Amino acid sequence: MRFPPHILDEIRSRLSVSQVVGRKVALKKQGREFAGLSPFKTEKTPSFFVNDQKGFYHCFASGEHGDIFTFLIKTEGLSFPEAVERLAEEAGVTLPKPAPRDPESRAQEDERERLYRLLETSAKFFEDQLHTRDGREASGYLVRRGLSEATVSGFRLGYAPHDRTRLKSYLSAAGFTEREMITSGMLIGGPDIPTSYDRFRHRVMFPITDHKSRVIAFGGRALDDGQPAKYLNSPETPLFHKGWVLFNLAAARPAAHEASRIIVVEGYMDVIALAQAGVKEAVAPLGTALTQEQVQLLWRIAPEPILCFDGDSAGRKAAHRALDTALPHLKPGVSLSFAFMPDGLDPDDMLRQSGREGFEGVMARARGFADVLFSREWDAGDWSTPERRAGLELQIRKLTAQITDDAVRSHYERDMRDRLFKAWRPQPGAGAQPAHASGSMRKPAYGAPAAAGKWSSGPPGKAARQGTRVAASSSLKQSRLVAAGGGFPQREVLLIRTLLNHPWLVADYAEEIADIQFSAEGLAKIRDGVLSAQATEKSLDRNELRSHLTCLGLDKFVELVERSITHRCDKFVEPEADAAEVETGFCHSLALHESQVGLQSSLRAAWHEEDSSAALAQICEIKRQPSTEAEPALSPVKSGDSEA
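Just so we're aligned, residue 1 is where the sequence shown starts under UniProt numbering, counting upward by one.
Please note that a few of the clues may not be correct.
Heads up, simulated SDA-like pairs for lysine to any residue below, C-alpha to C-alpha not over 20 Å straight-line [unchecked claim]:
| id | residue 1 | residue 2 |
| --- | --- | --- |
| 1 | Lys331 | Ala407 |
| 2 | Lys44 | His58 |
| 3 | Lys230 | Gly287 |
| 4 | Lys29 | Glu43 |
Each pair of labels, with its calculated beta carbon distance range [said to hold, decoys possible]:
| id | residue 1 | residue 2 | range |
| --- | --- | --- | --- |
| 5 | Ser148 | Glu43 | 29 to 37 Å |
| 6 | Ile188 | Arg388 | 50 to 58 Å |
| 7 | Thr195 | Arg136 | 27 to 35 Å |
Worth flagging that the hints you see were computed from the coordinates, not collected in a lab.
None of the values given here were measured: they were computed from a predicted structure.
No residue lacks a Cβ here, since even glycine has one placed at the ideal position from N, Cα and C.
Use the sequences and the hints to build the structure in full.
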């Protein structure tokens with residue numbers, strides 16, 4: 001519906017911005033403006049300002065800007081027409097009626113309005129029945145579930161009597177026709193049923209509402225074990241389409257905006273128990289798997305809804321169905337998180353056992369979409385052979401190909417490659433076998449001693465070192481590798497630059513990095529600073545690492561390293577490089593550096609063991625041919641190549 005500009009201006013003139021905003025934000029007068037803490041971002045110093053004269057608010061913390069209508073849209077998740085209707089009613093402004101419709105459209109709208117009234121009348125009937133003698137069993141059930149009177153009243157819970165026609169008679173007396181009762185889903189009837197009868201009998205009743213809090217359907221929980229369906233929902237009707245509705249959405253929406261999250265649980269009682277415990281931003285699908293339309297509804301409210309499932313196999317299957325439903329529709333900035341309850345518990349059970357604190361602990365451990373997707377595929381098989389691993393890669397490629405957004409698909413492809421690379425790499429202390437594998441996925445450690453005093457080829461791993469470490473020789477210091485980086489040897493610069501741009505390497509290679517022999521004291525200091533940063537932080541990004549090094553007074557050394565020139569083949573050092581390429585390139589460079597240091601150690605040992613002219617001549621001949629003089633490129637060498 002379009003609203004004339006003069007109507008919007010009239011509403012603005014009757015309601016000041018500070019009046020509307022002040023209901024959610026504590027404002028203090030500052031000259032001509034009001035100031036307060038941002039409702040859009042957590043902060044300690046006010047950066048949110050309201051100007052009644054100009055009719056807008058502005059948040060410097062988040063960049064949000066708007067008027068009274070925008071504020072309701074942003075903070076309560078309302079649509080623009082809903083915001084206008086809400087504020088018009090508050091301001092006492094009469095909105096124009098829609099243009100006259102054709103007779104057929106008017107008849108359809110009139111029919112829908114009668115169905116709304118019929119369902120509202122049914123809801124009141126069920127509420128009243130809960131407090132009668134017939135409703136004692138239902139009331140006792142709700143008490144045993146721990147629900148307070150306020151909660152029962154707030155969710156408008158009720159009771160459908162045993163009698164097959166009690167509701168039918170009540171609605172008929174209220175002026176509704178049998179056809180309307182059947183159309184609304186409240187009666188079961190048809191050509192093969194001589195006498196229609198109430199659909200819901202001897203059940204605890206849960207009203208289901210639309211986004212405007214109008215009753216559009218019901219869910220009923222059986223009180224007799226002998227009833228065929230424990231939970232029964234209304235059928236599809238002109239007002240109710242199960243896959244487009246979420247239980248409690250209208251009530252949860254403002255709470256979700258306040259909490260900056262929305263939680264999806266599996267059942268009505270979970271939603272109600274959470275609301276009673278203070279978690280009011282919970283909704284539930286209506287007894288079916290989450291649909292694409294329901295996911296879109298959730299994304300309108302929060303960018304990353306948390307789907308909460310039971311920890312049993314059924315809960316995980318439900319989570320996996322949600323993965324497949326949402327995967328093609330992932331967009332930049334929107335996704336899903338998954339929280340799994342301890343096995344055997346649902347949210348209602350968790351609240352009874354551990355209170356809200358226990359439930360919030362589960363929410364805090366929610367896993368990201370990519371993590372759950374990869375875990376599902378990884379846990380589905382044994383990847384101990386190359387053929388099986390190739391099959392897993394193919395399956396993951398098929399999954400990521402379903403993502404329609406190019407940017408998100410590209411990031412998922414890279415993320416999955418990185419996860420596979422790390423999953424198939426032996427972990428520290430885990431031997432040579434990754435999970436689900438019977439053999440090593442990596443080549444023998446390159447740079448690790450294969451036999452006494454001999455160095456093997458292949459990427460370096462977490463292998464023990466042999467021999468005595470010595471400083472780099474003068475010939476190494478004078479080679480062309482010293483040409484860049486403020487007098488630092490280029491391969492040493494390459495190692496440091498890789499760590500600066502990819503500090504995540506430290507977590508996996510801390511021991512190897514600590515053992516690196518640097519010929520330049522400045523590089524050794526940077527290395528020590530990187531290790532100290534990792535020791536104090538669980539994870540670091542590039543900017544945090546640079547700030548840490550600056551605090552240590554190492555910024556000048558870092559600048560020299562960053563100004564150094566690397567060979568065009570050494571793309572793995574760049575910040576945007578793929579994680580697998582980074583790790584492979586770093587390992588090769590580390591191995592080459594260690595090989596050179598190991599060679600120098602062997603030469604020194606030979607000199608001390610055999611102090612003769614022949615030995616000296618042989619050593620000098622070897623030292624006149626250092627591989628570093630012939631290798632300006634720092635790209636990885638192939639297996640079998642030698643650097644000396």
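Flag every earlier hint the structure violates by its number, smallest first.
Hints that this structure does not satisfy do not exist here, as all of them hold.
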